[in-house]
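4 protein chains.
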Amino acid sequence: MHHPEVEIAHVTSHSFTGKRYSSVYPNFNQRFNGICEEEDIEKLADDSDVIFIALPHGIASKKLTKEILNKVKIIDIGADFRIKNKKTYEDWYKTEHESPELLEQSVYGLCEWKRNKIKDTKLVANPGCFTTCSILSLSPLVKENLIDLSSIIIDAKSGATGAGRTLDIGTHFTECNETTKAYKVASHRHTPEIEQELSEVAGQEVLLSFTPHLIPMQRGILATCYANLKDSSITYEEIKEVYNKYYGKEYFIRLTEKGIFPETKWTRNSNYCDIGFTIDRRTNRIVVVGAIDNLIKGAAGQAIQNMNIMFGIEEKAGLDNIPISL
Amino acid sequence: MHHPEVEIAHVTSHSFTGKRYSSVYPNFNQRFNGICEEEDIEKLADDSDVIFIALPHGIASKKLTKEILNKVKIIDIGADFRIKNKKTYEDWYKTEHESPELLEQSVYGLCEWKRNKIKDTKLVANPGCFTTCSILSLSPLVKENLIDLSSIIIDAKSGATGAGRTLDIGTHFTECNETTKAYKVASHRHTPEIEQELSEVAGQEVLLSFTPHLIPMQRGILATCYANLKDSSITYEEIKEVYNKYYGKEYFIRLTEKGIFPETKWTRNSNYCDIGFTIDRRTNRIVVVGAIDNLIKGAAGQAIQNMNIMFGIEEKAGLDNIPISL
Amino acid sequence: MHHPEVEIAHVTSHSFTGKRYSSVYPNFNQRFNGICEEEDIEKLADDSDVIFIALPHGIASKKLTKEILNKVKIIDIGADFRIKNKKTYEDWYKTEHESPELLEQSVYGLCEWKRNKIKDTKLVANPGCFTTCSILSLSPLVKENLIDLSSIIIDAKSGATGAGRTLDIGTHFTECNETTKAYKVASHRHTPEIEQELSEVAGQEVLLSFTPHLIPMQRGILATCYANLKDSSITYEEIKEVYNKYYGKEYFIRLTEKGIFPETKWTRNSNYCDIGFTIDRRTNRIVVVGAIDNLIKGAAGQAIQNMNIMFGIEEKAGLDNIPISL
Amino acid sequence: MHHPEVEIAHVTSHSFTGKRYSSVYPNFNQRFNGICEEEDIEKLADDSDVIFIALPHGIASKKLTKEILNKVKIIDIGADFRIKNKKTYEDWYKTEHESPELLEQSVYGLCEWKRNKIKDTKLVANPGCFTTCSILSLSPLVKENLIDLSSIIIDAKSGATGAGRTLDIGTHFTECNETTKAYKVASHRHTPEIEQELSEVAGQEVLLSFTPHLIPMQRGILATCYANLKDSSITYEEIKEVYNKYYGKEYFIRLTEKGIFPETKWTRNSNYCDIGFTIDRRTNRIVVVGAIDNLIKGAAGQAIQNMNIMFGIEEKAGLDNIPISL
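Protein chains in written order, with this note's numbering: chain A, 1127 to 1452; chain B, 1127 to 1452; chain C, 1127 to 1452; chain D, 1127 to 1452.
No lab work stands behind these hints: they were computed from the structure.
Treat the hints with care, as some may be off.
One copy or two, either will do: identical chains are not told apart, so a pair holds if it fits within one copy or between any two.
Dumping the calculated DSSO-like pairs for lysine-lysine here, alpha-carbon to alpha-carbon at most 27 Å [stated by the list, open to error]:
#1 K1310 with K1212
#2 K1356 with K1310
#3 K1213 with K1199
#4 K1366 with K1310
#5 K1384 with K1220
#6 K1375 with K1243
#7 K1248 with K1442
#8 K1212 with K1197
#9 K1213 with K1188
#10 K1375 with K1145
#11 K1269 with K1442
#12 K1243 with K1188
Sequences are here, hints too, so could you generate the full structure?
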């Protein structure tokens, strides 16, 4: 709501229809007086330049049509248009895809890697949180053919906001405070999303292991990525040069100095992705650690960044917060 | 202090000499009235049947001698006698070992795997917290030759008690709350300890990647272990059978059911190690997750277990707490 | 389940009927193999010496009858039999009381103050968590007529387990982590319970202000109690003498030394109530701080203590845990 | 660093002289490249329009002189110039005041109540965190003579950032996580500060009880304030009218609706103070709850607000963040 080029036309909600948004989120008192409306996508399409959709999977693909896309740009924060292969989507999401004809025109909105395509589309599939952090961390290595593609393991840690606000005993304070666990081991739906994008970067199929963990904190994703190096004599500096090649000029990606690994708090409340790495000479592996705020670069922030790109606005408009580490 | 066979003869402390123990730890009010004494190992050796030592590395190895070991049994919770190879110790700990002549008689006190040797020694090197959890999780697979030994990766998560009570800005509440980070990536001193023990189990040298992470919680270690399976057709049930072979009768190891992965809270305040696993068929990897309470099975609890074994006391005496998950 | 005199005959549950208790609470794996049964109070009464009831208010008073109480002793952890005055109960709980005829024989189970009555009853109303901590903290002052009864203010802080396991957005991790709030200000149902008991101790009606707050931690209640002193020249030592008179021999109440105020962690996982106080000379007020573990002394622990008293078992049997401060 | 009218000339530090500010606080990477300089107040005074001082008590009063104040405006975030009465300062701070001649010209920088004086001074004493929240919550009641001045009790709760970054075992994660405690009961140095300002508002001396508590969270102060109402028939609406009179047009003060009490998270990362209250008819007390972010409205944010007032800049410039409740 600080974005200089944006005016909010409508806010819709299924659970809170008719309520003041600030009565649901009182931190917005005296800052945003909008009322949560019932969703009517036709009306939204008529009144708006862009619609942000954040719905459980399977719903956005039901609602969206070519006619709507003729009237308005869409940034879908949900999962429906991320997986290009209909069968892969249906295998992992256990539901039929309702608008496969739109898959072709949707663009996977990982801004730093898809900027040109995002500019030209009307439908952006905003990436998942784990996927954003993982793909950004690994893509330069994949692109430059530095690692054995069959050796990739991503061990990711997420704060509890990753689970959303759905009522569930598993995300009760007393259940997830003071403990940590792995979940959806070898079966999390962000896996095919990461594989799709790294495969595109690699020019060949990539399969990998991905394990998410729940951490007792509000925000933040840390992805610890492992892969075998193809060249056992490559130096830290050579690899740093590769990261600089891809990210040196990226405003929202910050590379840490040698020996420093990112903490999630360094990115909190910002759209940054911080990345650090080391070479484990003894095992000839590289360990790359990426950190983001799952609610910003991993969701709403990247959605704004996508909007900025789609409309030709300065890419960091509305996204210029300095992270809050306390 | 609930142990039926134990009487505490002395408690010593460098920082709190002369203070009532319960004034330092007021939870012990009206339960333990001992005074922290200055350490005098000769006196302790004369007065006691067993001494528990918990000192920074390099100190215990200076203090211990064959003469002392003739008088008393020693359980060293520190690192000095864990690494059998003097050079390996010195490489990782950056200090000379002061009593290499004792290394041979010391026994690495991982109770479930070294019970017979522990019975017969006077010097037990109590394992580190990460190592206990990691070795217990992987040893059956290594012993039965089920995994590619060059493919082992251990991604571990620890609560903040793992760092001890030393004054350090990094463990201040405001610094480590609401964030997570990897630390000592590819350089943590528990690495050679895990490698030593898995190598012994394997009968050949094992090198692996180990990455610890700091989690904003008090207690608990979760070790997420990855390895490539040698036989891509092996079933969950076959591997479960292997775990049952080694741990089915172990009181302090609990195997979770298929599809369930341990949380650290299930072991909190207990001496249990909970272990679960799955096969990631797509990548032909096994993912094993182990959980312990770093202060109990990862430190003081295993030390008691070692004492019980050394003195022929029932192994679970004093260690029978049901975990507290809230 | 460590209690030397107890055998568990039945565990019942509405939500988990038919499930293994340890599948709901996996920390009990290999320690308790009971199945959650459907509740049938007649059957329970026939099979058991004592029934512990923990139900939402209004339900226990519907189920209990004189006939059942002829067969079995009851310890009700819920609120139905705490308030002796039917009208007061109905005013605060907004529901009719279904078995007012049992109110007379029920005993308010605050062990340290009602021991003799507890011995002789078949129906104990186990006190609430806030009330236990508040009444224990203030009763000696009230009993000895040291404070202005119209000046009592209790500002209490509770960990999130105080709210139980009911699904509610307010107790989601992301909602109650990293924040604190007052709730049910001047309207919390523990208020009339505290007033009833202090009135009985005072021999006259006591009205007071009580404000609970939610703290982002698992367990623990801290009650900060304020009252004006009647005698402005009374000394710390004189008041300490009063506390010693009532609590000096109580196993589960520990008085802190001058200048020391209890922290909730000093009582965690124990049945202790720790109490400290100071005189604020400038305002002629006393400030008393009491701390308990809300799940132990504030609920299940005190219920066990009540059982021990009712059956003539040693009062601390099964309750002898040393608090865990980490 | 987002302030449209501000350019940072120097950052000084005792502990980090010579280091890049962003190496100490890596969240500032690529956003602020300043180096921590050794402090030289003469040089700062020559180069700057305003100096923000944040030093332990007793130091700023040593450094500041009339000559410096002739050259530059000062906003002292420390305690040295808050207490106008030299003796009161020395009684509570146990140290002599080194520049009592400056006390008269210093203005207590509680913006909403001292705006006109702040405009005209060169030396602002920025209020403490507890004091800001407490005085804002109570002043309207005091000003309109609605409460018994001898009955005020403030029970305050603070996140751990309130303690600063000094190395201290008490603020280690494992010491202050999962617990709560009262500290400096009846002896905290913010007491005379609150009393001074409320006395000024009242036009007569006010003495009150103030008890701070440490809460396991990063940021936030909640002040629960109690006082006896002079008129037992006054209504909620009449009192709300009084609050509206003083705060209805204040940008940084938000009054909650009837029945709603502020949570600290509603103000997090913002300069807001949220205030709610209720009348406890049974005891004829009012309970007022105020919430702020201790690092913003309770420290740096109010300092910026003071700067804006001193320099005639729009009062909310650089302070317009929407609170972050997750």
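Status of the hints after comparison with the structure:
For the identical chains of this complex, K1310 and K1212 are intra-copy neighbours only, at 22 Å inside a copy versus 42 Å across copies, given an alpha-carbon limit of 27 Å. Only between protomers do K1356 and K1310 lie at most 27 Å apart by alpha-carbon distance; the minimum there is 24 Å, versus 30 Å within a single protomer. Taking identical chains as interchangeable, the C-alpha atoms of K1213 and K1199 lie at most 27 Å apart only when both belong to the same chain, with a minimum of 26 Å there against 62 Å between chains. In this assembly of identical chains, K1366 and K1310 lie within 27 Å of each other by CA distance solely across copies; the values are 19 Å between and 33 Å within a copy.
When the C-alpha separation of K1384 and K1220 is checked against a cutoff of 27 Å, the pair qualifies only between copies, where the shortest distance is 21 Å, while the shortest distance within a copy is 43 Å. Only within a single protomer do K1375 and K1243 lie at most 27 Å apart by alpha-carbon distance; the minimum there is 19 Å, versus 48 Å between protomers. Proximity of K1248 and K1442 under a CA criterion of 27 Å is satisfied intra-copy only: 20 Å inside one chain copy versus 38 Å between copies. Proximity of K1212 to K1197 under the C-alpha cut-off of 27 Å is restricted to the intra-copy arrangement: shortest distance 25 Å within a copy versus 65 Å between copies.
In this assembly of identical chains, K1213 and K1188 lie within 27 Å of each other by CA distance solely inside one copy; the values are 17 Å within and 56 Å between copies. Taking CA atoms no more than 27 Å apart as the test, K1375 paired with K1145 passes between copies only; the shortest distance there is 25 Å, against 43 Å inside one copy. In this assembly of identical chains, the alpha carbons of K1269 and K1442 lie at most 27 Å apart only when taken from the same copy (26 Å versus 47 Å across copies). In this homomeric assembly, K1243 and K1188 come within 27 Å of each other (Cα to Cα) only inside a single copy, at 24 Å, whereas the closest approach across copies is 62 Å.
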